[in-house]
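Enquirer: Residue strings, one per chain:
There are 4 protein chains.
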Amino acid sequence: MYTLGIDIGGTKIAGAICDDDNKIISQWREPTPEDPEDINAVIVEMYRKSVELYGAVPRMGISAAGNVKEDRRTVTFSANIAQWIDYPLAERIEELTDHECKVIVENDANCAGWGEYILGTGRGSKNMVMLTVGTGLGGAIVINGQLYRGSFGMAAELGHLPMVSDGDFCGCGLRGCAERYTSGNALEHFAKSAVRRMPQKSKRLMELCDGDVNNLEGKMVSQAAQEGDELGLYAFGKIGEWLGRTMAAIAAVLDPDLFVIGGGVVSVGDILLEPARYNYVRFLQAAAYREHAKVLAATAGGDAGMIGAADLARIEED
Amino acid sequence: MYTLGIDIGGTKIAGAICDDDNKIISQWREPTPEDPEDINAVIVEMYRKSVELYGAVPRMGISAAGNVKEDRRTVTFSANIAQWIDYPLAERIEELTDHECKVIVENDANCAGWGEYILGTGRGSKNMVMLTVGTGLGGAIVINGQLYRGSFGMAAELGHLPMVSDGDFCGCGLRGCAERYTSGNALEHFAKSAVRRMPQKSKRLMELCDGDVNNLEGKMVSQAAQEGDELGLYAFGKIGEWLGRTMAAIAAVLDPDLFVIGGGVVSVGDILLEPARYNYVRFLQAAAYREHAKVLAATAGGDAGMIGAADLARIEED
Amino acid sequence: MYTLGIDIGGTKIAGAICDDDNKIISQWREPTPEDPEDINAVIVEMYRKSVELYGAVPRMGISAAGNVKEDRRTVTFSANIAQWIDYPLAERIEELTDHECKVIVENDANCAGWGEYILGTGRGSKNMVMLTVGTGLGGAIVINGQLYRGSFGMAAELGHLPMVSDGDFCGCGLRGCAERYTSGNALEHFAKSAVRRMPQKSKRLMELCDGDVNNLEGKMVSQAAQEGDELGLYAFGKIGEWLGRTMAAIAAVLDPDLFVIGGGVVSVGDILLEPARYNYVRFLQAAAYREHAKVLAATAGGDAGMIGAADLARIEED
Amino acid sequence: MYTLGIDIGGTKIAGAICDDDNKIISQWREPTPEDPEDINAVIVEMYRKSVELYGAVPRMGISAAGNVKEDRRTVTFSANIAQWIDYPLAERIEELTDHECKVIVENDANCAGWGEYILGTGRGSKNMVMLTVGTGLGGAIVINGQLYRGSFGMAAELGHLPMVSDGDFCGCGLRGCAERYTSGNALEHFAKSAVRRMPQKSKRLMELCDGDVNNLEGKMVSQAAQEGDELGLYAFGKIGEWLGRTMAAIAAVLDPDLFVIGGGVVSVGDILLEPARYNYVRFLQAAAYREHAKVLAATAGGDAGMIGAADLARIEED
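Going line by line, the protein sequences match chains A, B, C and D. Using our numbering, the final residue of the first sequence is 329, and nothing's skipped along the way. Using our numbering, the final residue of the second sequence is 329, and nothing's skipped along the way. Using our numbering, the final residue of the third sequence is 329, and nothing's skipped along the way. Using our numbering, the final residue of the fourth sequence is 329, and nothing's skipped along the way.
Do not rely on the hints blindly, as some may be mistaken.
If chains are identical, the list can't say which one is meant, so a pair holds when it fits in one copy or spans any two.
As the list claims (entries may be wrong) - Simulated crosslink set (EDC-like; lysine to aspartate or glutamate; CA at most 20 Å straight-line): (1) Lys60 - Asp109; (2) Lys212 - Glu302; (3) Lys214 - Glu199; (4) Lys305 - Asp30; (5) Lys137 - Glu81; (6) Lys137 - Asp82; (7) Lys230 - Glu218; (8) Lys60 - Glu48; (9) Lys212 - Glu238.
Just so you know, the hints here were simulated from the structure itself, not pulled from any lab data.
Looking at chain A on its own, in the form it has when it is part of the complex:
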């Protein structure tokens, strides 16, 4: 069976036809329009092309940045697309494709986590947790070979684990959420703080941001850290520490055998993973008396979410 996987990102919509072995046979990429109906049109066009090339495409999985109801049909809220409030995305696409394709929608971090489980670092793990360190911090949980979605579709919102009582204000309205301390945004925060406090040590970072610390972005911090810059390494040390602390908190609930770390920020590799592993053990309850989960980088690549979405659609029970 050929299945269509769609990944609706902030800037582009990617689509791919996958075979039963999760291999991509064909793929397309289009800019993300602003209007939801235009987004639908892009998706439907990808579906038409798929049918043209491969005949029947009975299932489609859509990865969307937002909260998705437990029935996998409705987006309740999306930070990217404001009009998606209780939006029946699956139903709309099914209508537009004349009910010839069964559509499921899943949260993007969940799709990426599932992709990692079937194709990447997660293969063979018993209980896996994926943390996606991008602008924010996304999460996915795979338990006994199944994506764990919770009772209402809201499981694995790991970026909003409360880590600090009365901590940093989060866009969600709470304080001290994990993603305020370990994410691309947090990397910027820690780097700016360091430059402001230790201007004499900030030469490389100041060059990269043309002398104005307010312009400092995460990718500059990554570059500086990879060049060995002291403050860049400091900033990664801090988000690594909090990544470790967040994993230790998750382990108190789930005791997984594997943490997979994905997202753009992990491209620096051990610069992030070393402090994360060290602090994971440092803050793990009963660390001396238990086996420890592995902490590994994601390997399934940037298409993992799209492929994961397709696979979730394929295995969905009728």
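Starting from the known structure of chain A, fit chains B, C and D onto it as the hints suggest.
Expert: Leaving out everything else, chains B, C and D in the frame of chain A:
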């Protein structure tokens, strides 16, 4: 099939023969000896009586306060019984019963949680979390009808969720663990703090502890609160607040449909549960955009752990 | 003796001739230029007018938003005027006025505090602390009738008292500073958080910000709170709580008899002061065994800083 | 003029006759009785001996562990001597010495701080803060050559600066007080935590406490650290970190030029002072733009409190 359930507590060992409907047919109770071999002897004696009364008793489940390996045979560490370090409890009992009984060992909070799932408040829930508010704070997780034990048997150590960065020192060696803020110990802490700060409002509590705040115990706080004492209610308000915050943290991972609150401290009912429910919603991420788990008191009673242990033994796969 | 007081604000420069009784005889107001030399020119022009009207004006006090060295002559750093790095402001003005006027420079919060001490709520207090709740949180300390400046001119940076370990990121590069939790900025933060979490209760605030919570400003929160809006009152309750906690921390060091609360945010009066007083006592060490400082609103008005600067210049020893 | 200095400690009462140069001429030492009247008798006996030896002794200063009113005559509360509740100690001693000696009472940390200012490390400083790291954390402040006592005698309770929101429970009824993180008690806490978490690294500490971590005491941690033990050094690193953070908080209020560190725990020298200095700068607001206070060990010795009390009595205005 008749199954024997054993609950090894700090002061007594309870045992019960249960039928296939989780009904207790016979039960015994003995003081807990200090020496592990003497504990084994008490268990074996209960087994002998069971066989005498009901013929073959092919399975036994033991509820133990401690960390149990994922194979359900070995206690790695117990706060109550110091000699239980990597102790092969299941094997010892199987030897002493001539390998005629298959034995499993499970953590006591897990057994109580399972008992609540099969007999009590948890029946019919999809994803249930139990929090046992006793001296400390125990946890159990049931996912899709199965006790969730993690990859290494250490899941659901919910009392050690980190809630406060640099918070109260915990006996586990970390700081800010949930059980430092919501447990019988925490109740005492909050009550003592209140009496020390507001001596003019502490009349009833001071009476109950004979005028010396250092003698204040949790049960006095429960009594005072039930009589309407202001500081007693304050102390329950605080552990209730933190119970709510802890549940909100757990929901960020598991998104369950039900929290069951058990343990001796919950005997005060809504005095604890009302602030817990209120603060659960107050600290729940995206509370306005999601369905909320129910928060209910446990109803399966004090034998739930023993019955739960027996049932876990019965359903264990060969 | 006539003395000139100057207040260099972010948008305007105010100047006033004061007599020996701290009465304003004449005053001027000009927009604040961007260039430091142009700022100097405005000040010198006000000095010329003063001399023209009143003959000799032998002393001038300048209130400046920034850190000032202990010799009261040099601004080491200013958030408003970037070119003021180790800037010898007093010397420049003395040169431009032909050394006929002795100039002192003082931090603006200190000038406002001194004005409050000589003219306003602070009169007669023994040890007074002023907290200026504006965009940020400024501080001033008067001990035994003298402005307390510390050994290096950096005393009373009360907005940067660390209140929360690993707390909200502050522009100073630290985390958890008091001004992140009690200030006009914090008011906005708390209000936005509340609207995001409780959209169904946010009607009035949403009207005031034209439906986009990102546009929400402190003055809208003040208006809503004064109209009785629930979320507006909540936000003031939170900054009031933290104002109280900050005062309790200060009392552990200074044990003053008076806190004066100034700044634009205090215009709402008891909406801010009531929660501040309540939480001051709630978090005050040994509250039941000590006398408590009064917590009162500032009364000296918007010219207090300018008059305070003039008075500090008058009483400065040669 | 000869002046009598008395230091009422938990186990001994020390007394000394001091001359105008703060030299001890004679001294005595007695066990501390339990009953307040017996304490008074010991003091009066020391006074009688003084008069016998040196003729008139018109003034006496008493150092007492407790809160003392601003009139220096009444102890409002003492953790050591339960009957001292609003106890008029100065009046009682004056009565018992036939009103021939003027008596003042002062808090023990204040006396030690004053002793350090007149005789020890503090000499010549402009604004000095002393932190006494004993079982708890005491404080004293000297501003412009005068002991700063606040408006109600409660200044410099620096051990109760709130450092962690929702932090460790303090005996004062608050949470997160500085002395919960930097004191002899805190040293024990950090060491026990480390041993519990890292038993494989705890060889030396386990020897010193005879294999039972519950017996671990501060002096064992000092010994182990001085022998180079890893966990002992870790525990000092932690209380040193928090000592630094506490000093940074104090600097936000007082901007002193000198911190003097006294108390039994500082006997390890740089093992405590190095992490304290490092973290002082790390957490100091605007550290790159200001002068830093010195952080030095106390040098006036164990009699500093007694001599300080005598000197405060001598210089007290009539």
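Enquirer: Now look at each hint and say whether the structure bears it out.
Expert: Quick rundown of the hints versus the structure:
1. For the homomeric pair Lys60 and Asp109, the shortest alpha-carbon distance inside one copy (15 Å) is at most 20 Å, but the shortest distance between copies (69 Å) is not.
2. For a Cα distance limit of 20 Å, the shortest separation of Lys212 from Glu302 across copies, 18 Å, qualifies, whereas the shortest one inside one copy, 40 Å, does not.
3. Proximity of Lys214 to Glu199 under the C-alpha cut-off of 20 Å is restricted to the intra-copy arrangement: shortest distance 16 Å within a copy versus 34 Å between copies.
4. Taking identical chains as interchangeable, the C-alpha atoms of Lys305 and Asp30 are never at most 20 Å apart, the minima being 31 Å within one chain and 42 Å between chains.
5. Taking the shortest Cα distances, Lys137 and Glu81 sit within 20 Å of each other only across copies (12 Å), while inside one copy they are farther apart (23 Å).
6. Proximity of Lys137 to Asp82 under the C-alpha cut-off of 20 Å is restricted to the inter-copy arrangement: shortest distance 14 Å between copies versus 25 Å within a copy.
7. For the homomeric pair Lys230 and Glu218, the shortest alpha-carbon distance inside one copy (13 Å) is at most 20 Å, but the shortest distance between copies (38 Å) is not.
8. Taking the shortest Cα distances, Lys60 and Glu48 sit within 20 Å of each other inside one copy (19 Å), while across copies they are farther apart (68 Å).
9. Within a single copy, Lys212 and Glu238 get their C-alpha atoms as close as 14 Å, which meets the 20 Å cut-off; across copies the closest is 35 Å, which misses it.
Violated hint: 4 only; the structure is consistent with all others.
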